[in-house]
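K.L.:
Listed here are the chains, written in short residue letters.
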Amino acid sequence: MELTKDVKLVPDVSQEKLVDLYKQMWTIRFFDEKVDEFFAKGMIHGTTHLAVGQEASAAGACALLNIEDKITSTHRGHGHCIAKGATADKMMAELFGRTTGYCKGKGGSMHIADIDIGNLGANGIVAGGIPLAVGSALTAHMKKQSYVTVCFFGDGATNEGSFHEAVNLASIWKLPVIFVCENNQYGMSGSVKEMVNVEHIAERADAYGIPGEVADGNDIVDMMNKTHDAIERARSGEGPTLIEAKTYRWKGHSKSDAKKYRTREEEQEWKAKDPIKRFKNVLVEAGILTEEKAEEIRKDAKQEIENAVEFAENSPMPTEDDLLTDVYA
Amino acid sequence: MREITYMEAVREAMSQEMRKNEDVFILGEDIGVYGGAFGVTRGMIEEFGPERVRNTPISESGIAGASVGSALTGMRPIVELQFSDFITIAMDQMANQAAKIRYMYGGKGKVPMVLRTPSGSGTGAAAQHSQSLEAWVTHVPGLKVVQPSTGYDAKGLLKAAIDDDNPVIFYEHKTLYKTKSDVPEEPYSIPLGKADVKREGTDVTIVATAVMVQRALDAAAELENEGISAEVIDPRTLVPLDEETIVNSVAKTGRAVVVHEAVKRGGYGSEIASMIAESDAFDFLDAPIKRLGGAPSPVPYNPELEKAHVPQVPVIIQAAKETLIKA
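Chains A and B, in that order, are what the protein sequence lines are. Going by full-length UniProt numbering, the first sequence opens with residue 1, and the numbers climb by one from there. Going by full-length UniProt numbering, the second sequence opens with residue 1, and the numbers climb by one from there.
Be a bit skeptical, because a hint or two may be false.
To be verified - Straight-line C-alpha distance at most 20 Å; calculated SDA-like pairs for lysine to any residue: (1) Lys143(A) with Leu241(B); (2) Lys174(A) with Glu51(B); (3) Lys110(B) with Ala329(A).
To be clear, the hints were calculated from the coordinates, so they are not data collected in a lab.
Next comes chain B alone, as it looks inside the complex:
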């Protein structure tokens, strides 16, 4: 199969939808000839022109709101935010408008839009350009939240997000943009709400998101050398969450580690851990559920500190082993 980068997969998903459906367009800051802050839209303005690859002023609230309004009146906008931290500025439009319009209006109207944005640390961009704030939006009923970890998943999930009639927050990871994977050329869709078992195992379940998926897989490979069989699950979409796949896995292994890059306190891992504890899998647990997440500080600039802020492979290995010791 053809190998392309995560970034190319995102671009291809958008381009294929835009060729097919005139209602789909993209808007955002510097997405025209510049190609966006990370180059995701490079070449798109040449193919689709400035009407459908719409360069905007630096006005996150304005462009998010214009997307909501255009979605409500028949378009299917994709809005790109340069860094996911900037959702703070667009938050009224996403949380108070996009998420609630259909419900507030008693089921009339729909808001089929995607807000794409890169999150995460690892680039030295420091505290205001490195956050993972996905838990904030998972808390708001009416929004869907997607967090792909591979190019293959990114392409299929983005098509599903564009096709969805609800507002979807689509978190890309800036350090994954250049990673390569096998991605089919033809369009395909990965349903929102379907987790992926990235590695099968029998002793411990590791639920990991975004950049942590690869780290969990690296940890699982090392654990295997020590005779420990880890199953790695990537939820892929946080809302809706594929509870069944996670619960079935934990019921099988009896142990669970939940790991994400976002600050641990109030992170989505808390939701996943609670969901496991409330489920039938509770009876199968042989050890307390472990949660791993970012340190309770802003993301630091210094590369060593930045690395220390988020879980690394040895910490995941350690956590998995701890669940086994307590058995």
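Chain A extracted, bound-state conformation:
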């Protein structure tokens, strides 16, 4: 589908779905901005990792998935969860440590999971979820099920042994998994330019004999196009693909980051490539949205987060009786 003269969308996606995705990107942004605000005010404890500025890679990589398809996520995973169908109220309740949260208040920001809708969980260990995704794909292969698994991880994770072991396994067994590396340019403070001696992380795919694609991680259309091809490959038994989504996290690594390792100018350059604004412009130019409708959607998404906060605040806390439940099945 030709959205504009410069923007072509390969998969067949309804206009309604595109509008939903636009709203979803705002939901992701407002969720993380609200969490940022609460942490700054000391209203929630622990730590958190925000993906403001990375909305297109989460929404784009999950846009073509069915409910049976799976994802594994990372410490910076709120966006992935929302993109895979999690609702903001139960996520916010989890961050508030309430029993109505996705993990009954036992997991917090880094462990949100909803297996029933294919979210196999965020992960606090860098690269820890990559072998899990390969295992999920192995199940699909062995049980002859048609689902695919999208495995999210960051640029830093590609320097972990688990990444290399897992990608190799998926390659030799031709498993239906899509590795989505969100290269947001930094680990905690280490620039990808210092920590990786290849221009594109996607090149690492060559070492395992699988396709490696560079995607514009701030362009949801490009993300959908690249994952479309990878999903086709996976479903037809041709094995995994590595997609590198080039993007940028607007916020610090976690709540206590003075961002000394990068410049304010660099941040401004990336903010000018705002993935939400960019998608809105495409949808308006394509005649799918008007500016007025877009503004209405933005407000709806903002209200959804306010409702989520209200739900979380009014939800019960766990009690000590809950401490030792769920350790064993």
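Start from chain A and add chain B according to the hints.
P.N.:
Okay, now just chain B, sitting in the frame of chain A:
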């Protein structure tokens, strides 16, 4: 009854489950035509094929993690590590992922997998292929830990481990693989968390694990010649631990010796001894609890040094006698 080896009992338990349940499969390094580092899976690829007896690259983290992921999505994998020392490389996946997923997710999801691996010294394989690191995994809530000492126990406990909906670390002992015992052909299950009184006695309780069980029995036989009646208990599973059987025995005998091959310092014997000291059996103790374990060094290569590293029968006899002298 039919007599088979410990190794054959392990293989039979896996094969019987795999015939019954398509979700059960095994993966590991060189487990195909080679039959695994110790030959445990020999013949299995011929029966079940390469999909279900899945030869892997040398990637302990990758294969442990793939097992966790496949268990989470409906399979019941058995992963074989060639030597238990290599759990160091798989540890993130076992300790941070497998053990915690269900709890972190608030009770959603389960990880029904077994990680089988041979531990222990006695083969001259030296420091990186001879360790007994079971205490490490007993420390992590969410994991179960099994350590059979006979072929009979190995078969029944492995079936229970495969049937369990939690991640189970199943320690085989490489010097027990060729030992024979009476093992029924039909499938049977030994519940996890049920100790076995391997020999009844009245004067001293010896709690022994894995290869130390036979040494404790040999010690008990010699003690009997000297008029000392030793009870030998094999916990069989460290997590969950059958505290009741141990406590009842110590309450009866008033004396306890705990012996394992693993390095004594921080070994699971410390846990067993502490558990006894905290229990009602404390009031019945007539002597301090004795702990025996491996020396505080890496496992040496030289056969005499290797032997000296771990408790032998005379040391167990000596320890049992000491508890009686102090009475």
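K.L.:
Would you list, in rising numerical order, the hints stated earlier that this structure does not obey?
P.N.:
Per hint list: single violation, 1.
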